Every structure is written in structure tokens, then in C-alpha cells.
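Residue numbers (our numbering), protein chains in the order written: chain X, 1 to 381; chain W, 1 to 381.
In case anyone wonders, no lab produced these hints; they're calculated from the structure.
Given that identical chains are not distinguished, each listed pair holds provided it fits within a single copy or across any two copies.
Calculated lysine to aspartate or glutamate pairs in the DMTMM-like style (CA-CA distance at most 25 Å, straight line):
| no. | residue 1 | residue 2 |
| --- | --- | --- |
| 1 | K278 | E95 |
| 2 | K339 | D303 |
| 3 | K96 | D351 |
| 4 | K352 | E95 |
| 5 | K130 | E95 |
| 6 | K278 | E118 |
| 7 | K352 | D317 |
| 8 | K339 | E304 |
| 9 | K278 | E114 |
| 10 | K278 | D141 |
| 11 | K224 | D303 |
| 12 | K339 | E143 |
| 13 | K224 | D3 |
| 14 | K213 | D141 |
| 15 | K96 | E272 |
| 16 | K338 | D303 |
Keep in mind it's a predicted model, so treat the numbers as computed, not measured.
2 protein chains.
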Amino acid sequence: MTDRIREFLRNRRDDGPIMVVDLEVVAANFAKFARALPDTRVFYAVKANPAPEILNLLAEMGSCFDCASVVEIEQALATGVSADRISFGNTIKKEKDIARALQYGVRLFAVDCEPEVEKIGRQAEIIGAKDVKVFCRFLQDCEGAEWPLSRKFGCAAEMAPRVLEHAHRLGLQAYGLSFHVGSQQTNMGAWDQALTTASSIFATLAERGIELKMVNMGGGFPTKYLKDVPAAEAYGAAIFEALTKHFGNRLPETIIEPGRGMVGNAGIIESEVVLISKKSDEDEVRWVYLDIGKFHGLAETMDEAIRYPIRTERDGDETAPCVLAGPTCDSVDVMYEKKPYDLPVSLSIGDKVLIEATGAYTTTYSTVGFNGFAPLASVCI
Amino acid sequence: MTDRIREFLRNRRDDGPIMVVDLEVVAANFAKFARALPDTRVFYAVKANPAPEILNLLAEMGSCFDCASVVEIEQALATGVSADRISFGNTIKKEKDIARALQYGVRLFAVDCEPEVEKIGRQAEIIGAKDVKVFCRFLQDCEGAEWPLSRKFGCAAEMAPRVLEHAHRLGLQAYGLSFHVGSQQTNMGAWDQALTTASSIFATLAERGIELKMVNMGGGFPTKYLKDVPAAEAYGAAIFEALTKHFGNRLPETIIEPGRGMVGNAGIIESEVVLISKKSDEDEVRWVYLDIGKFHGLAETMDEAIRYPIRTERDGDETAPCVLAGPTCDSVDVMYEKKPYDLPVSLSIGDKVLIEATGAYTTTYSTVGFNGFAPLASVCI
Chain X
1 MTDRIREFLR NRRDDGPIMV VDLEVVAANF AKFARALPDT RVFYAVKANP APEILNLLAE
61 MGSCFDCASV VEIEQALATG VSADRISFGN TIKKEKDIAR ALQYGVRLFA VDCEPEVEKI
121 GRQAEIIGAK DVKVFCRFLQ DCEGAEWPLS RKFGCAAEMA PRVLEHAHRL GLQAYGLSFH
181 VGSQQTNMGA WDQALTTASS IFATLAERGI ELKMVNMGGG FPTKYLKDVP AAEAYGAAIF
241 EALTKHFGNR LPETIIEPGR GMVGNAGIIE SEVVLISKKS DEDEVRWVYL DIGKFHGLAE
301 TMDEAIRYPI RTERDGDETA PCVLAGPTCD SVDVMYEKKP YDLPVSLSIG DKVLIEATGA
361 YTTTYSTVGF NGFAPLASVC I
Chain W
1 MTDRIREFLR NRRDDGPIMV VDLEVVAANF AKFARALPDT RVFYAVKANP APEILNLLAE
61 MGSCFDCASV VEIEQALATG VSADRISFGN TIKKEKDIAR ALQYGVRLFA VDCEPEVEKI
121 GRQAEIIGAK DVKVFCRFLQ DCEGAEWPLS RKFGCAAEMA PRVLEHAHRL GLQAYGLSFH
181 VGSQQTNMGA WDQALTTASS IFATLAERGI ELKMVNMGGG FPTKYLKDVP AAEAYGAAIF
241 EALTKHFGNR LPETIIEPGR GMVGNAGIIE SEVVLISKKS DEDEVRWVYL DIGKFHGLAE
301 TMDEAIRYPI RTERDGDETA PCVLAGPTCD SVDVMYEKKP YDLPVSLSIG DKVLIEATGA
361 YTTTYSTVGF NGFAPLASVC I
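Between the sequences and the hints, there should be enough to build the whole structure, so can you do that?
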């Protein structure tokens, strides 16, 4: 909670839940990444929060953009950056969307299988684009991540050389590799392990006459929720050490794709207590219902995965465990129940509640208006 | 898949996933409920699908509306129905929203605790509304339901009389009770069990001089996905028998609130195969990526809860198990993985795929545009 957000909320006159982003925090986060990994290009993962103010700020600071779709490419281009600062980072693309991206001048594409390489090869040929770079994502063990990723993206490391050779054969530039160590990764050894694999794929392809140039080290940089997380500097040092260990003095070009790590701690949701009740006289746990829930921004509480820090006007008063739920007529719209949340006993209907570290994956996860409640509003200050 | 939908899709020229609702199926469903329970008023659960065409059709057929918010009340009123055909069925309401509903003429409100009764009492007094009815939801065991509900809505049955007495004391009409047997309930004994509890609460309050008049039997009526489900007639017979058993010849006014049961089987999503790949040479299971996933309408595949029937242009060809995933750069955007889905081996990139029984809880569960993909489009024919 920054002074600027506190001031904004004090003067706020409208009603309903809102997410407030402090752009100064975003700027500070970008500066931290740039300082921690000075030779690495930062591609902000637009999907985390595509607010134009955030994209404009990052464009101005020199950031590049990792885009999941043509719309995100258009959002990035709207900042005025040139297309060479954009990566089409989704491994799952319609061929017509690849064509659109190529027409916009985008030349960097993620792949993880031969059929995707073929789509790009075909469209690059049609358009006559000569300098199209592809990087292949390989599957990486996510040990140490709070949310290990599924196997959705990436191929087995053994398959990556074949995918890149196929690109080379089709006239594309077999440019490099990518991996993702998992979200909220706090084990810095994870990058070392992935870079071991990456350097061996570099070696395999070099033997076959293909010189890879780039390693995209993905995201996974954590935001502080309730527990402390290592600082960007610590990540930078560990990653640089691993790069040197595996690539010696022939360091590849490197990319990182922070999303949560760039905007998560820059945003706060202000919400209101709609109801506090008990289910029976014997119940020890109260139910606290907010005017925001899983369907309007807090989807990442699914399985109680993220435990957001929550502040109230009554902090300091005696607390008791509460089930925390959203306002919709949907029984899954419950944020914390298995592990109830301690909140002040004095908390009352109508009180404001601040949900911290909600700058990433909230506004975009909101439904279009389930139960007639508006999508999560947001403002950048 | 009706002939009308087939015809519509054959002539469709635009691109991207779409949900098509056949209004004739909705009309047939309403007629089935009306026939199965001729003395019960049907309150359509607007949240399942608030498309204006659906609301207009149901209004014309005589349906009432169960609304979760002021916006849903406004959507119901836009059909031209009078406010006495609307229930504000959410037990979690801001006091200002209760005031708005009262101003619109709504007089039927759900509650499950004394603080909520107080909000309604206060606003009814301010507005001077004399005929405000409240019904209290009690917690009901959901055995037999495919998705037993959480404890989010309702109070313990022992607490319900006190909640309703409180309403009576505040000048509101202690009107009745509600319960919900759980979603996709196929055990018809569930209603009998809930009605046992309801009749005993009626008796308790009668002893205290309060005569309840209404039982809201909620939703829970299933849609056919892959397994067959009992017909509306079977539900009607079982419910009528239970009502007679517990209330004798003094049957209360009754209400049902079908949502999924009204529109689920009326809608079909047309989607496109974006990519088919394998993660390694040894993998037996292919990954099939569609242009729709959890974030754009298929949220109910969470934990693989609903298994939608899927049709392809290649049905009849040899099949093999596939992991089915959505198009976003989000690793949780996977529909079926723990239990892969058998799809034709001949299925190819660019093929159309039909996802059946998707008329309920799809368009409204869609995000505002996660990853830059548009919210799920829909059309009623």
C-alpha cells in the first residue's frame, strides 16, 4: 500500500470494487529487473495486466512485450514501439493470426512442435518475410514453484532439436529456446537446471550446423503475498552464474518475461463487506462476504492457491477465523474456507477491505458480468 | 444438435468460437417443467444465461425470474414483466441494492441470517413498502448431486425459525423457505429429504403464530451431458409425492428455479482446432488445442467436473485419447487431462468441433478478454 494509493482511495467517491495500480511501483519493478539482469532484454507478459497506462510506461522505459494474441500485439504496438520489440509468445496460434502478426512486422515466434513450425513457415513464405525467428519451448521440471505448470506448453527436451531443425529446413531462423520454471518460483536452482538442458540442446544443434542465439528464460519471478520472496538481485545473480557456468564466455542473447513480478505488487483492490453471518449458533467461524469474488478478479484463489494480504480499517483489533466469500449466487464463489482467514472480530457490514498484491491476473480474469455484477474496474495512478 | 442449429452453422460466415442457442429447445424445456409441476411457479435463474431473447421468450410463456443482482432485475423488467414476477434470490445483498429492488417494485427476497433481514426491514420501512416477503434458505445435504454445493448459502435448519421470526418482528412477511439440493441432482429422494425439514420448520413457526406460505425448491434439475438423466416428469412426480406426504392437503405455494435445466441443452458451442501435437515421441496421448477454453466459456470443466459431449466432422473414424486444452498462455487452461477425451485420430488443425449442452454457465463465465481473446460470442435462433 503506497501513499499515492492511500491518497487516491481517500478521495474516491464512486462505489463498487476497484483495482488501483501505482505506476511508480511498476517503474521501480522494471528498474529492478533491468539492474539485476543488465544484459537481458525484458519482455513484459502483457496478459498479466494489459492496461494501456502500464504498457505505455514500460514502452517508454525500454521494455519489450511478450504477447499471447493478435489483440495483445495491437495493444503493444499502440504504445508506439516497433514490432521488433514484440514476441508472439503463445505456442498455440491460428495460422491467420500468425499471418496478421507477420504483417504487423513481428518476427519472433514461440513454437513447441513441428505442426506449429509449419504454419509459420507457410505464412512467412507467402508474405516473403526472410528474417523470421522461432524459439522452441521445452518442458521443464517446476520443482520449487508454488504453482508448478502443467505440461501444456513445451515439448520434451529430446524433441526440441528436431522442431528447430524443421524450422531451419523451412527457411526460418532456428533462433533459440525457451522454458518456464513455474509460477512464484522461489528455488533459484530451477534456472540452473533449465540452463543445463538449454546448453545441451545448443550443443546438439551446433553439431548439426545450426547455431542457436537466444535463451528465453520465461517468467516465474514471484510477487510477495504473505510470505517474503527473494529479491530481483538474488535472481539476477543466480541466473548470471548459471549462464556463465553453462555457456562460458559464449553467452547467448537472453530474454525474461516477467508478468506477475512486474505488476503484482503494484495493485490493490478496494472491496466492501456486504454481509457477515454465521451458519448456526455453534459455528465458530463467521462467513464474511465481499463485493468481489472468484468471478470478478479473484480467480487465483481457486484451490486457495494465492493467499492475498488483506487489510481492514480495524487492523489491530482482536481477530477470529472467517470464511471469505464473494457476492455471487454461485456456491464455488468462496475464496478461503479450507484454511479460514483471520480478520478482526469488529469487522462490520459496509467496511472497506483492501486486498493487496492484486495488480496481476485480476482485471483480465474477471468475467464479463456473471450474476449481473460488472467486471472489475481498474485505474492506474 | 437440432436441425435449426445445424442449418445456422452451415450458413455461418464469421470466425471464432460461438455459442448458438435454439430458442425452440428453451420453449420445450419450459413447457416440460410447467407440465411436470403444474401448480408450481417457475422462476428462471437468470444467471445461467441472461440473453435478452431467452428472457423475452420465457416472459411470454409465463415464467417468473430469479435474479442475483439489480442488473439482473433490470434485465428481467426489460422483458415487460411486472415486478411481482421477480425474486431477488441472492442471500448476499448490499443495502443500497435492496433499496433499488424495492423501488422497482420487487417484494420477494431471499435471506439466510438476521443481519440480512435487518437490511431489508430498514429499507422497507424507509420506502414504506408494506408487503415485503422474505424466505429463508436452509442448508441441505446434497447427497446424490454431481456437484454438492458448498455451505455458502443457507443457515442450519434449527436457525431458520429465528431468522423468520426476526423478519416478522420487523414488519416483513415471513413468507417461506428455500433450499437447494445441489447441481445436477439425479437422486429424486433429495427433494423428499429437504421437504421433511421444510415441513418441520413450517410446524415450528405455526406454533409461534407465524404461518409460512411458500416453499422455494430451488434448482438442481440436470442437463444431459454424457450420461442420461431422469426426465422432468419423473422429478415432478417425485416432488409432488413428497409434498403431499409432508404437507397433506395443506400444500404450500411452491416455486422452482431451474437455470441449467432450462437452457443447458439448448446451446452448442462451435469451436476450431488450433493445434494438435505430441509432447514427445513416446507420448501416446495427443494434445488437441481448441480456440476456446476455461477462460472463454468452459470454466465448468474446472476439476473436469462437466464432461461435455463433443462432436467432430470425423465422428465414426477410429479414436484415440487426447488431452483437450484451450488457446491461452495459461497452464491451467486445460479442459480434460486426468481423464483424456477420445477423439478421432483423423482430427486435423482447422477442423470444427461442436461442444454440446453448453447453453448454461458459459457466456457469463467468460472472462472480459484474457490473453486478448474476445469474450464468448453468442446468438439465439
